[in-house]
Amino acid sequence: MNPVNYLYLAALLFTIGAAGVLIRRNAIVIFMCVELMLNACNLAFVTFSRMHGNLDGQIIAFFTMVVAAAEVVVGLAIIVMIFRSRHSASVDDAGLLKL
Amino acid sequence: MENLIGLLVLVPLLGAGVLLCGGRRLDRAGHWIGTLVAALSFVIGAVLFVGLLGRDGDDRELGATVFSWVPVGGFRADVGFQLDQLSMTFVLLITGVGSLIHLYSVGYMAHDERRRRFFGYLNLFLAAMLLLVLADNYLLLYVGWEGVGLASYLLIGFWQHKPSAATAAKKAFLVNRVGDMGLSIAIMLMFTTFGTFAFGPVLESADRAGEGKLTAIGLMLLLAACGKSAQVPLQSWLGDAMEGPTPVSALIHAATMVTAGVYLITRSGAIFDGAPDAQTAVVTVGAVTLLFGAIVGCAKDDIKKALAGSTMSQIGYMILAAGLGPIGYPFAIMHLVTHGFFKAGLFLGAGSVMHGMNDEVDMRRYGGLRRYMPVTFVTFGLGYLAIIGFPGLSGFFSKDKIIEAAFARGGTEGWILGGTALLGAAITAYYMTRVMLLTFFGEKRWQPDAAGELPHPHESPKVMTIPMIVLAVGSVLAGGLFSVNDAFLKWLEPVTGHEEGHSPVTAVQVTAATLVVLFVGVALAWAQYGRRPVPVTAPRGGLLVRIARRDLLQDDINHIVLVRGGEHLTRSLVYVDHTLVDGVVNGTAAGVGGLSGRMRKLQNGFARSYAVSMFGGAAVLVAATLLMRAV
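Going down the list, the protein sequences come from chains A and B.
Mapping of the first sequence onto the numbering used here: position 62 corresponds to residue 62, and the numbering continues sequentially without gaps.
Mapping of the second sequence onto the numbering used here: position 279 corresponds to residue 279, and the numbering continues sequentially without gaps.
Keep in mind that the hints were calculated from the coordinates and are not lab data.
The C-beta atom is built at its ideal place from N, Cα and C for all residues, glycine as well.
Hints may be right or wrong, so weigh each one.
Which residues of chain A face chain B? A few of them, derived with a C-beta cut under 8 Å, are [to be verified]: (1) ALA18; (2) VAL21; (3) LEU22; (4) ALA89; (5) VAL91; (6) ASP92.
Some, not all, of what chain B presents toward chain A, calculated at C-beta under 8 Å [stated by the list, open to error]: (7) PHE441; (8) LYS601; (9) GLY605; (10) PHE606; (11) ALA607; (12) ALA611; (13) VAL612.
Here chain A stands alone, though its shape is the one from the complex:
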């Protein structure tokens, strides 16, 4: 199978994720979309690794996963705290710091 198709898939996933981040209001959904974008990147890295015949892309994919995991830990904690205090996870409501 032509590896370029994987790249198309990665681009598609990235676009879906980006669109979700831009369009959705719910912080959980936005968060999931960010994950989707990260995974799209991972897919692209792995594909490039295959196409070039070396391991660089795969190693970076691991790094990305570690970063994503850390991000999930911190991000989810913040979102839960915001939800607890404001009874809403909408990002549009969280504008308190704006002048």
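Since the structure of chain A is already known, use the hints to place chain B on it.
The following block gives chain B in isolation, referenced to the frame of chain A:
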């Protein structure tokens, strides 16, 4: 003996301190304390004088450094005194006339509840004036110079409840400030040129400095002299200064302080000798003021203002003589001393007349006073004869010498200066005769005062007449005594130097000419004020008379040139400040404010819009990278 010099300044200073800080409990004896202090300083002065006389002519210079005042690196200013023949002359004049006027003030200010304060100020003046003439460097002289300015300010405004007196005091202070600026600049120039401002080194090395520098220093010293001695163009304060009590006018604004300018120029003789241009400026100022004051003196009906015009004119003579260089220095000082006698006497006489006439100052409301105030009449009359230069009296000797020296300058300049001095002598004779006739002769033109009472002129108490008598004796004898064997000239010569001028006219011719103009002036005044009755209200008069009554427009000129000019200057500066400077500053602020107001709209609080800008930015970056690759 050196210690006595410091004491001379210290005694009146202590007197002032005691009187001004002593409070009410000194009210009853304050005036006698003040007078005693003045007399004591005169005694010290006399002791020093006798001491100096006991020495050789060239050895009559005493110095005493009291303490080091400002020693900073290469800069050294000492409080040190120098007593030589020139200072000695001034010391005797200041303390002698000063003591007499203190005594006179005891009577004159008898009914003033602030008399103690008045004597405190007088003592302060004595201390400052003595410091001025005894200092051995220009910086300490400057301290005295400012001190007499302060005392003058305090005494002119002594009756500060009168707005006119308060204004006159401020005017005197401000105009003097202009002159003081000149002196301070001159001192700074001296320091940069000579590295010191002690009299000795500066005057000895004066001929080694460039002529340009000497001219600059000389002109600045002249400015200082103009301010203190009321010379054109800084003359406008003297007339108004007559708002002060009459003893003040006699002591400060006739006999001593206003002659400080003459002292300054004579003392700095070596500087002026090396700067002919500055000397020309000095004689010009003197000649102009000589006529200016005389003309103003002719038009004033206020007896004190007429005398003030006369003072200005007589100091003009001294400045003229001082500007002539070594030919003139001794005569400038000689005229200064004789003038100190007769002008102080005239002012005290005027004060005595005012005392008897319910403080009336308008001479048109006097008349016929000679029978009511015989002592005042005789003493004033002797002062009058002395100032117009009646043969044998003081003014005759001193003024004649100045006119002679003016001719001796030589060339056209000499003729112009000599002619001016002669003309001045004629006008002097005219206005003094006018004062004399209006006050003591003619019919009574007395008018009721503000309370509706006709004045009852009476002779003043002894405490006032004795100083007048002593000064009158001085006015008669001083000139003659000074001229016997050229005694005064020989006394001053070691300090000021002297050279005989080459006059195109002989001394006899000058004397004859002086007597002729004297007679013409007196005759004119007699024709105008002696033969005909004098109207009580002044007639409107011709244009010149009206201008002269307004002090030859001095205040108008100052107002138009300086006040209006200053207003225009400040207004245009304010305009520039508002439009240009504030424009740039405010424009920058407004620009930054507007820009940030617009930028703030980007911070709308919606996380998604931030995300859009992030994605947009990333997209632009990627696009740019790709574009660069393609190129």
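Subject >> Hint check, LEU22 (chain A) versus chain B [nearest Cβ-Cβ separation less than 8 Å] >> reply: holds, 6 Å
Original post:
Against chain A, with CB atoms and a cut of 8 Å, does the hint on ALA607 (chain B) hold up?
Top reply: For ALA607 (chain B), the interface hint holds, since the closest Cβ of chain A sits about 4 Å away, which is under 8 Å.
Original post:
Taking the least C-beta to C-beta distance, is VAL91 (chain A) closer than 8 Å to chain B?
Top reply: Cβ of VAL91 (chain A) sits 4 Å from chain B, so the hint holds.
**OP:** Please verify that hint: PHE441 (chain B), Cβ, nearest Cβ of chain A, below 8 Å or not.
**Re:** violated, 93 Å
Original post:
Can the hint on VAL21 (chain A) be confirmed by a CB-to-CB distance to chain B that is less than 8 Å?
Top reply: This interface hint holds because 5 Å falls under the 8 Å limit.
**OP:** With chain B as the partner, please determine if ALA18 (chain A) meets the hint condition of a C-beta pair closer than 8 Å.
**Re:** Given a least distance of 6 Å, the restraint on ALA18 (chain A) holds.
Original post:
Does PHE606 (chain B) pass the interface hint, meaning its C-beta sits closer than 8 Å to a C-beta of chain A?
Top reply: holds, 6 Å
Original post:
Should the hint that GLY605 (chain B) touches chain A count as held when the rule is a Cβ pair under 8 Å?
Top reply: holds, 3 Å
Original post:
Against chain B, with CB atoms and a cut of 8 Å, does the hint on ALA89 (chain A) hold up?
Top reply: violated, 12 Å
Subject >> Interface hint compliance - ALA611 (chain B) to chain A, C-beta minimum distance less than 8 Å >> reply: holds, 5 Å
Original post:
Under the criterion of a CB-CB separation shorter than 8 Å, is LYS601 (chain B) in contact with chain A as hinted?
Top reply: Result: violated, 11 Å to nearest chain A Cβ.
Original post:
Minimum Cβ distance from ASP92 (chain A) to chain B below 8 Å?
Top reply: holds, 6 Å
Of the numbered hints stated above, those contradicted by the structure are hints 4, 7 and 8, listed in ascending order.
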